[in-house]
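Chains H, Y, U and D supply the protein sequences, listed in that same order.
Letter 158 of the first sequence, counting from 1, is numbered 150 in the numbering used here, and no numbers are missing.
Letter 204 of the second sequence, counting from 1, is numbered 196 in the numbering used here, and no numbers are missing.
To get the numbering used here, take the position in the third sequence, counting from 1, and add 4.
To get the numbering used here, take the position in the fourth sequence, counting from 1, and add 4.
No lab work stands behind these hints: they were computed from the structure.
Just so we're clear, the structure is a prediction, and the values are computed from it rather than from any experiment.
Don't take every hint at face value.
The calculated EDC-like cross-link candidates involving lysine to aspartate or glutamate, where the alpha carbons are at most 20 Å apart (straight line), are [claimed, not checked]:
#1 K374/H to E283/U
#2 K247/U to E168/H
#3 K366/Y to E204/D
#4 K247/D to E334/Y
#5 K171/Y to D84/U
#6 K273/H to E265/U
#7 K273/H to D279/U
#8 K374/H to D279/U
#9 K247/D to D107/Y
#10 K247/U to D188/H
#11 K247/D to E231/Y
#12 K247/U to D252/H
#13 K272/U to E350/H
#14 K247/D to D60/Y
#15 K260/D to E126/Y
#16 K47/D to D216/H
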Amino acid sequence: MKIHEYQAKALLKEFGAAVPRGRAVDSVEEAVEAWRELGRPRVAVKAQIHAGGRGKGGGIKLAETEEDVRSAADSILGMTLVTHQTGPEGRLVKKVLIEEAVAIEKEFYAAVTLDRARGCPILMASREGGMEIEEVAARNPEAILKVALHPLAGIRPFEARSLAFALGLHRFKKAEVLKEGIRTLTALARLFLEKDASLVEVNPLAVLEDGRVVAADGKVNFDDSALFRHPEIEALRDEAEEEPAEREARSAGLSYVKLDGTIGCMVNGAGLAMATMDIVKHFGAEPANFLDVGGSAKRKRVAKALEIILADPNVKGIFINIFGGIVRCDEVAHGIVAAKKELGIEVPVTIRLTGTNEEEGRRILEEAGFAVGKSLNEAAEKAVAVLK
Amino acid sequence: MKIHEYQAKALLKEFGAAVPRGRAVDSVEEAVEAWRELGRPRVAVKAQIHAGGRGKGGGIKLAETEEDVRSAADSILGMTLVTHQTGPEGRLVKKVLIEEAVAIEKEFYAAVTLDRARGCPILMASREGGMEIEEVAARNPEAILKVALHPLAGIRPFEARSLAFALGLHRFKKAEVLKEGIRTLTALARLFLEKDASLVEVNPLAVLEDGRVVAADGKVNFDDSALFRHPEIEALRDEAEEEPAEREARSAGLSYVKLDGTIGCMVNGAGLAMATMDIVKHFGAEPANFLDVGGSAKRKRVAKALEIILADPNVKGIFINIFGGIVRCDEVAHGIVAAKKELGIEVPVTIRLTGTNEEEGRRILEEAGFAVGKSLNEAAEKAVAVLK
Amino acid sequence: MSILVGKETRLVVQGMTGREGGFHAERMIEYGTNVVAGVTPGKGGTTHLDRPIFDTVEEAVREEGANTSVIYVPAAFAADAVMEAAAAGISLVICITEGIPALDMMKVHALLPAGVRVIGPNCPGVITPREKAKVGIMPGHIHAPGRVGVISRSGTLTYEVVWALTESGLGQTTAVGIGGDPLPGTRFVDALELFRNDEETEAVVMIGEIGGTDEEAAAELVAGGYPKPVVGFIAGRTAPPGKRMGHAGAIIAGGKGTAAEKIEALNKAGIPVADLPGEIPRLIRDRIGG
Amino acid sequence: MSILVGKETRLVVQGMTGREGGFHAERMIEYGTNVVAGVTPGKGGTTHLDRPIFDTVEEAVREEGANTSVIYVPAAFAADAVMEAAAAGISLVICITEGIPALDMMKVHALLPAGVRVIGPNCPGVITPREKAKVGIMPGHIHAPGRVGVISRSGTLTYEVVWALTESGLGQTTAVGIGGDPLPGTRFVDALELFRNDEETEAVVMIGEIGGTDEEAAAELVAGGYPKPVVGFIAGRTAPPGKRMGHAGAIIAGGKGTAAEKIEALNKAGIPVADLPGEIPRLIRDRIGG
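Excised from the complex, chain H in its bound form:
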């Protein structure tokens, strides 16, 4: 799960990292009020959406006067912000963060994430702050310093200290930079571990001219599997930031990802669903979605899945691929028939069904007028061919 920058910064602060003073607001009037509360300093007005690259898209503006603040907030609030991470449809901006502009001496990068290969959290930092870490990793991987953390011990003082020295935080004129930096690195790691984050990223981590070290930006993602034990994090969810169809699928217990193609896919199992997309592509078409109906696909869920697929106007054909194991083919067949009745499916549907209760499933579907294949390749070829 993703959260907004202002929420990430509040969490970072809770764990002991310093952040610029500021407040998130919904309206131009509140924006001006927030600016006044801050003591009328130079501020950044920052669009709050779940995507990076906001600056280039016009979602971040500096303002020094009431007029500036008003006009910046007015232009950003309500805009549809397009960045390289939003896709061409962009995102509606409903909140801006009004934040004291800070005088930065040097920008660093710091993040905690999961190191899958080592099986532990990893604290990463670099002197090349403000740049995307992937870019640094590609160009100059040596510049990224890494500390593998023990999941039970958390970050140990010597680990934060060593990293701070390696970053050169002891070389600033202001002696407190080292200590502040150590505190911030420690905060990142603690936040990651105590809140079951999957990513805590501060970029830039800014050393200010006055010796403070602040998280000038902040991004925190969470492990969806652990949200059950963090209701305070679940409460930060902004559903408006999610693809509506994906949100609907999630609440129905389906795993769905919208894509740009024309063949809607319904499959049981994530690996087979990916493979099915790949096969569609292999035979010359583009999948419209990833959809896993799950390991215990009951008829209602199957019908819901078809409803979600059909709601995508790009879908010109549907390919259903079921390998019954725990999932019973007859149950799936009932779901397909029910969906046809309720929704009136108008695009061609190609079905491949095999495994548990295959015969019964086939009978139900054929009675309802569907053709059912057994071979994956043949069915896929046919699913693609109907489009032409």
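Keeping the supplied structure of chain H fixed, place chains Y, U and D upon it in accordance with the hints.
What follows is chains Y, U and D alone, placed relative to chain H:
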């Protein structure tokens, strides 16, 4: 460091263990008030001293009426309670705990302590509650169930659960006993680890007739070395419970334990101090104390050590044994001479001095009229002989 | 002989009296697996499917000599169940549960005693058809005793491949579902090591997918010398970056973990990668004949 | 050859610019120990006693090839210093600091990488007189190269025994102060194992004290077959129960850990226990002659 039962129970409660309702008070009037606040139930009036065996010594009384409560509190407050743990001099009772008497169905024992051999905390429990665990260990060691805890993982759910099943907590009519018991065992372990305890003992851990599981008594000791990071625990210290000379020694940075003999011992190093006591005994006398002046014995500290030894009226002679290493013999000599001047030592003093700056130390002492030996055996023999 | 599960398996089912655990325990018994006990805290002393139920795994080990455990416990409690099994002396723990927090599994790995192997979580389990030993949720009837070892991050996609192997007459020695989580207890490299000296296994199929670098690690291991042919399949060529494709581990993050990278790594190591699952039997026959 | 410290020792002093660390670093250098670096976070780039000071142990290992560390860091930070040394690749960490919380040391032991040995905490250190290697706080001049290995929970009591050995002409191979804490990194049994195959060591002296059961464990090890004579001493025959005798580990708790029990265990294992420290040289000569 030790604390009182009422303090231990407050901590246990903080960590999720249930305890009987109650309050500690200093006066008879407050005792009656506490009883009224509890709703005038049958209560136990329990002397709060840092020693076990209070019941047998008359330090715990049951009371049901205001008159009972008044008379019990009156008889216990201000008494000098003698138990097998207080020594013959007993302890002055300054506080009593007024606590709801509970209807106990069965008593268990539960404790967390340090397992030195395994190098980890150990959670122990037994169905033989209310008895001293040493007794159970001697008579029926099988009856003590043990779970070695991982110092970083703390107590894991399956560990608490397995122990609760092994104790038979699932066999009570009231089904909640199992869950309550698991919660209590978990609380003990968490308290031990989070507060740097050296012992958390609940004896009896009582299963009540109404299905509750409560810590009917509670004892918590702390690792002295870790108090620096628990000011809230340090604040629980009751200096009145400590031997005054030991308290004085502690604040002077000395390690002192009062014993019953007549030869006062001043030694540098704990092992050598114990060995010196043993040698005194070997040659036929009894040591009056253990005293380690420490690894960087400066003259002031040496003088303070002698002052503490001399304050013990049993002391008939003093044996000073110094093996200079980091400790310089001349510095110790200056301390002894200073003490002689300030305190006017009237008992015979035997000194054994060797190691760093031995010659200079010897010269200083001999000038001040002390005889100085070099051999430990000879000096010890002489120290004992002067008594005769 | 077989790897992981076989005639020596004495299985305890953690969560046996639950809906999932009960359903699959029955299927496992039907298939021939030696299920010796179940564990459900609070139901000790009862029986289920004619097997004794215990409150703790420790009792199942002590009373019934269980040496393998399979876990159908809800996600919030599953990591603890793995640790309970390990502490009780179980040497192979197969965790079916999906949705265990990543941090829980990191802690499990940090605490696991030496000599305990975990398979999964979020996996279909392990099956050795020749020895009628099935531990997990896969449909037994699609498997057949044979010559090929299968290692897979997926569930139904594995069935697809297994079925293709069965239909082609190649069959399987053991099929190991290592699971779709980012931190599997057993990885491709570990499973490859297990198949290395298994006499009956003539070739190995690796079914990978996007996310992580475990396929690349396996390619490196094979490139360093592996005594039998390995054939691969990678799902997710068309998956977009930054989106989780169902499995918690199936995500292209920071531009890493794409199917293209993995296919390239496997090819470099001399491992042919099938474009379609159905091609796998042919790729194997090209290498081991028959 | 020697055990633990010797000519191969390349020592880094953690806390070298502090009062204690600086004082003892100077004594160690005087004695002949190969002190290659110091570590004090924030003082990197300076020098002290002509040795480079680094901000981290990792730099001392990388730049100066340090292989052994001695810790004079205050108790609140000492456990972290041990872990820093271990993580930096130091294989022998000798921790002098007294008063480290027991829980900190438990965590250190749980996290210590394989192959890293910790001596102490709350110990005088280790000295090998023949190789002029002294790591710790013991006075060097009382030691002499010789034939006897010394293992002790104490500081000054060790000096007493060492001096008796020196005066008697027996001398020491290596004297190991394992420390007076309840959770020593190296115990009697571990040190006995180190002396087992040390050719120069003809006999071993164990200086124990009340508290714990490490002397009993050592007795068991010796009873199981040990190739050289072992002689013992136990301090605290007159210590009362329940009172901590200075050392955090020297306490008779729950009636266990008395001197009488330990002496009995040692005697049963054929280890003579001296009544007075001064008797030790004679007990040794009775066994190894000379």
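Checked hints:
1. K374/H to E283/U: 18 Å, holds
2. K247/U to E168/H: Roughly 41 Å between the alpha carbons, so the hint for K247/U and E168/H is violated.
3. K366/Y to E204/D: 30 Å, violated
4. K247/D to E334/Y: 31 Å, violated
5. K171/Y to D84/U: 17 Å, holds
6. K273/H to E265/U: Within the cut-off at roughly 18 Å; holds.
7. K273/H to D279/U: Since the Cα atoms of K273/H and D279/U sit roughly 11 Å apart, the hinted pair holds (cutoff 20 Å).
8. K374/H to D279/U: 18 Å, holds
9. K247/D to D107/Y: Holds - the C-alpha atoms of D107/Y and K247/D are around 18 Å apart, at most 20 Å.
10. K247/U to D188/H: 19 Å, holds
11. K247/D to E231/Y: 16 Å, holds
12. K247/U to D252/H: With Cα atoms ~14 Å apart, K247/U and D252/H stay inside 20 Å; holds.
13. K272/U to E350/H: 40 Å, violated
14. K247/D to D60/Y: Violated - the C-alpha atoms of D60/Y and K247/D are around 38 Å apart, more than 20 Å.
15. K260/D to E126/Y: At roughly 9 Å apart (the allowed maximum being 20 Å), E126/Y and K260/D satisfy the hint.
16. K47/D to D216/H: Violated. K47/D to D216/H sits at ~44 Å, over the 20 Å cutoff.
Checked against the numbered hints given earlier, the structure breaks hints 2, 3, 4, 13, 14 and 16 and satisfies all the rest.
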